[in-house]
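Top line first, the protein sequences correspond to chains A and S. Here the first sequence stands for residues 1 to 488, numbered as in full-length UniProt numbering. Here the second sequence stands for residues 1 to 488, numbered as in full-length UniProt numbering.
What the hints contain is simulated information worked out from the structure, not anything from laboratory work. There could be a bad hint or two in this list.
Identical copies carry no separate label here, and so any pair may be met within one copy or between two of them.
As the list claims (entries may be wrong) - Below are the DSS-like pairs computed for lysine-lysine, each with C-alpha atoms no more than 25 angstroms apart in a straight line:
#, residue 1, residue 2
1, Lys376, Lys142
2, Lys376, Lys408
3, Lys485, Lys82
4, Lys142, Lys156
5, Lys212, Lys263
6, Lys417, Lys56
7, Lys263, Lys156
8, Lys389, Lys485
9, Lys56, Lys286
10, Lys376, Lys260
11, Lys417, Lys190
12, Lys56, Lys389
13, Lys353, Lys77
14, Lys190, Lys212
15, Lys392, Lys56
16, Lys142, Lys263
Note that the structure is a prediction, hence the values are computed from the model and not measured.
There are 2 protein chains.
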Amino acid sequence: MLPYQSLVLVDRANVLPVYKQISTRLIGLIQDGIIQPGVYFPGTRQMADLMHVNRKTVISAYDELLLREWIEAVPRKGYRVKPQLPGIKPRSFHPKNNFLPAGSPIAKHNYDNIHTPWKRQITNTDIVVNDGFPDPALAPFKDLSNLYRDSIATEKILHLMSLPDEGGLNLLKEAASSFLNETRGLNIGKADMVITRGAQMAIYIAASIMLKPGDNVVVSDPNYIFANEIFAGTGANIITVKVDNEGLDVDELAQIPLTKPVKLLYIVPHHHHPTTVTLSATRRLKLLQLIGQFNFHVIEDDYDYDFHYNNNPILPLASSAHNGNIIYIGSFTKLLAPSMRIGYLIAAPEIVKKAIHLRRLIDLRGDTFMEYILAKMIISGDLSRHINKANKLYAQRCAFTCDMLSRKLSHAVEFTKPNGGMAIWLRFREQYPVNKIRDDAARNGLLLTGMAFHQPGNPNGNGIRFGFASLSEEKIEWAIDILLKILK
Amino acid sequence: MLPYQSLVLVDRANVLPVYKQISTRLIGLIQDGIIQPGVYFPGTRQMADLMHVNRKTVISAYDELLLREWIEAVPRKGYRVKPQLPGIKPRSFHPKNNFLPAGSPIAKHNYDNIHTPWKRQITNTDIVVNDGFPDPALAPFKDLSNLYRDSIATEKILHLMSLPDEGGLNLLKEAASSFLNETRGLNIGKADMVITRGAQMAIYIAASIMLKPGDNVVVSDPNYIFANEIFAGTGANIITVKVDNEGLDVDELAQIPLTKPVKLLYIVPHHHHPTTVTLSATRRLKLLQLIGQFNFHVIEDDYDYDFHYNNNPILPLASSAHNGNIIYIGSFTKLLAPSMRIGYLIAAPEIVKKAIHLRRLIDLRGDTFMEYILAKMIISGDLSRHINKANKLYAQRCAFTCDMLSRKLSHAVEFTKPNGGMAIWLRFREQYPVNKIRDDAARNGLLLTGMAFHQPGNPNGNGIRFGFASLSEEKIEWAIDILLKILK
C-alpha cells in the first residue's frame, strides 16, 4: 500500500476543508501517475486512521472522487481508480469549468434585445460625462462613516434590522412622506409609500405589478430606455407618442384610448428623460382630464424634482386629483450619490401592498444604515440644506456648460438650457451622427455615457444627454474642447 | 384690492419654492374667507410687482390654483376665485391625499397570495429569534467606516462608479470567483458571475430568466417560501417533492419528467431550507444523473455553504459535470451582516448575459463601496479569517442551543442537530401547533420570525426555524425558557 499518510498532508489552518484537501491531493496523485488506474484505495476506516481524520471526512473525500469520476465503487471490494481515465494534462490540473453554454435550450425571452448605449473603455485619465448624476463630492460619506462608528446608533439599527422589512424603515417612511408633503404639495403618510433601491427599482416594481402580456403601455419617443426595456420585459405592447418643446404630445395621446385600451402611461413631466423638456401647464391640465376620462394608470417618474434652478418647479401631477390612478416615483439617490440607492414608490393602497411584497421577493430588505442616515438628514434639515447647496453649484455648472456649448459648438449642436436637473440634451446636426461622435470621443479620452438616440427623421433622433452636475468647470471645458476637435 | 404684499409673505430660505409658498398662502386666504368666492386676482404682472417676484413665479402659482380648482380663468377678465367652492374646514387645511384606492381595476396578479409568516410586534426588550442570520456584532462596520473616510480609496471608487455597471465591480468578481474556486472546487472566472443584492435577488433573476407561464418548476415541500412566491409570480406551475432525513426525495423527482416536462428544479442541497437537512451522497449522484438524462435546469441555492462546523462540507453540485444546466447561487450577506446585501449568480454564458441585463433593469448598480470592501477582505484573507472565527462561535451556539432544547423542551420538540448553518429546524409535537406557539411567544416577549410551516400530515408540517447564530447564550436560554413556559 502506498504511504498515504506522507503523500497526503492535511493542513487544518487552510480555508479549504480537510476532505477537499484530501480529494484534491488524491486527484493530483492519480494525475501524476503515482496512484495507477485500477488501484484500490484503502477502506475508509483504514484511511481515516492513516490520516488521523474522522472517517466521515474520508467518506466525503471518496464521494468527491466518485462524483468527479476519478474512482468507482466495486461491490464487496471497495473503491478503485477507474481503469480507463480520460487524457490528463499533468502539472496543470484544474477542476473543469462546468458552466458551459447551456445544454438545453433557454426560453426566448423579451430581455434579449440588450441595448447598451455606451462603449466601455476605462483609463484613469478619461473624462466621463454621464447621464446626469450628482457630484459625489457632495455625498454625506463622512456622516455614513460616523454612523458606522456610533455604537449606540448601530445597536438601535441592528434591532430594527432584526425585524422583517415592510417596504423600508418606518423612520424613513415617516420622514420622507412629510418631506414630500412639504416640497410637492402632497398629503401622504408612511402607509402610502414603499422604499426601494432608487427610482429604477420603483419603475420595475410598478411595471411588474401593473402590466400583463398584451397590455398597452404608452411612452414618449424618445424615452428613458431602461423603462422601455422593463415594459418590453413584461410582454406589454409599447405605444409611443412624440415629444416636442412642451413635452409629451397630449393631443396625440388622447387619440389612443379611442381605438385601444390604455393600461398604463409612463411619463417624466418635470424634466423629461432624455430631452429635459418640462410638460407645459396646458398639457398637464389636459393630461389630468384624460386620466379621469379614460381611467388609465400613470407612472409619474419625478426623479429630479428637487433640482430646479429658479425657485420655479412644477408640482407633480400626483398633487392634483387623480382618483388613485397615479403611481408617483422618485429618488433620493440623485440627492446623495450614485452608490446610495434609495428611491420610493407612492400609490393607492392595493398597489402599495403588492409593491411591498414584490420588493421583498426581489431583495429582502434595503440597507438599513443608509435608510437610517437619510431619515436623520431629512429630520435635521441637513437634506434641505444639501439640496440648496447642490442646486447653487449645479445651476452654475449648467450655465457654464451652456455658455461653453454656445461659444464653441454652436455650428454642430442645438440645445435648450434646462431649468433644472443635471443634464443637457444635446442634439447634433445631421452630419454628425451621435454614435460616431461617441466612438471618436472615446478614442480621445472622453467617455460619453449618457443615453443617446440615433433615429433619423425624429427631431430628437440624434442626441445625447450631457450630465454636467458631477463635473468641475475645468473638466466641462476639457470635454467640450475634445468635442470641438471631433466636430470641426 | 387686498394688500397681497403683506398677506402673502415669501421666505426665500424656505425649502418650499416661492410659487408654492404663494399658492399655499392664497389657498389659506380663500379658506379663511379673507379672499371671497368670485373675487378676481390681480393680473400676473401686477401681482409679480406687488410680491417682488418674477412674473413666471406668479403664473406658476396661479396654474397651481387652477389645477387644484380653487380659481378659474374668465376670458378677457382674468382669474377669479371659484364662485362655488366645496365645503372647507378652516384652520385645518391640508392638500388632499389623492392616493385613494385605485379607481380603475388592477390586474389580478400572482403576487396576491401574500404569505407573512410572522407577527410584527416591536419593543426594545423583545428577544428576536430570526430565520438564521449572522451575528452583526461580527460585521466589518469599522472597515466600512474607515473606507468612507479614506479619500484616496473614495476617489478610486467614485471613478469606478462613474462607469456603467456590468453585473458588479470587476475587482469583486475576480476576487469572489477565485474564492469560490478555492473553497468549492469550481473553476470559474469573473465572466461566469453576476453580483446581486443577496441570494434573494439571484433567485429572482434566475426565475425571471428561466420561467414562462405554464412551465413546470420542481421544489421541495416544505421549501424556502420566498422562492416559491417568486416562482408563483412567474406564472409557472409548482410541483412539490417531499423531503426526508436524506434531503429531497430524488426517486420521487425522477418520476416527474416521465409524465411532464420539467423546466427547472430549485434545490438547497447543503443545508435545506427550512429543514437544514443535507442531501445524501447517493441522492446527489442520482440527481446529477437525472440532470444529464432529462436535461433540465437547476437553481442550486448554496446560501450558507461557508458555515460548516466539522470541516466536512459537501461540495456543491455545480462542481460536478452538469453540462451548463446548473445556476449556482450564493451569498456574502450571511458572512457579513443582514444590511450588507451582496450575493451572486454563476451560470452558463447566455444566462449570465441575460442576468446582467435584468440586474440593471431592476436596480442600476450595487453599492460600489460595499462591493469594494468585500473584494479587499477576500484578497487580504480577512474574509477567510472572519469565517473561521464565526464558525467557531456559531458551532458553540449551535451546541448550546441543542443542549438546552434537549434538556428543557424534549417533551414538545424534535430536531436534528445540523452540521452547519445558522438555524435549527424545530418540529413541535402535534398538540402544539406552531402558529399558536408563535402567538403565545409574542405575547411573552419572544418574536419567532423564522419561517414556519403548519401543514398537518406532513412530517415537517409543524415546524419553525430557530436562528441561533445571532444570539448570545444568555438570550438563547432566555428564549428557550419562554418556550418552556408556553409548552408546559
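We went through each hint and held it up to the structure:
no., hint, result
1, Lys376 / Lys142, "both (14 angstroms within a copy, 20 angstroms between copies)"
2, Lys376 / Lys408, "neither (44 angstroms within a copy, 44 angstroms between copies)"
3, Lys485 / Lys82, "neither (67 angstroms within a copy, 59 angstroms between copies)"
4, Lys142 / Lys156, "both (20 angstroms within a copy, 16 angstroms between copies)"
5, Lys212 / Lys263, "both (9 angstroms within a copy, 22 angstroms between copies)"
6, Lys417 / Lys56, "between (72 angstroms within a copy, 16 angstroms between copies)"
7, Lys263 / Lys156, "neither (43 angstroms within a copy, 45 angstroms between copies)"
8, Lys389 / Lys485, "neither (34 angstroms within a copy, 58 angstroms between copies)"
9, Lys56 / Lys286, "between (75 angstroms within a copy, 20 angstroms between copies)"
10, Lys376 / Lys260, "neither (47 angstroms within a copy, 55 angstroms between copies)"
11, Lys417 / Lys190, "neither (36 angstroms within a copy, 43 angstroms between copies)"
12, Lys56 / Lys389, "between (65 angstroms within a copy, 23 angstroms between copies)"
13, Lys353 / Lys77, "neither (62 angstroms within a copy, 47 angstroms between copies)"
14, Lys190 / Lys212, "neither (28 angstroms within a copy, 35 angstroms between copies)"
15, Lys392 / Lys56, "between (68 angstroms within a copy, 20 angstroms between copies)"
16, Lys142 / Lys263, "neither (45 angstroms within a copy, 49 angstroms between copies)"
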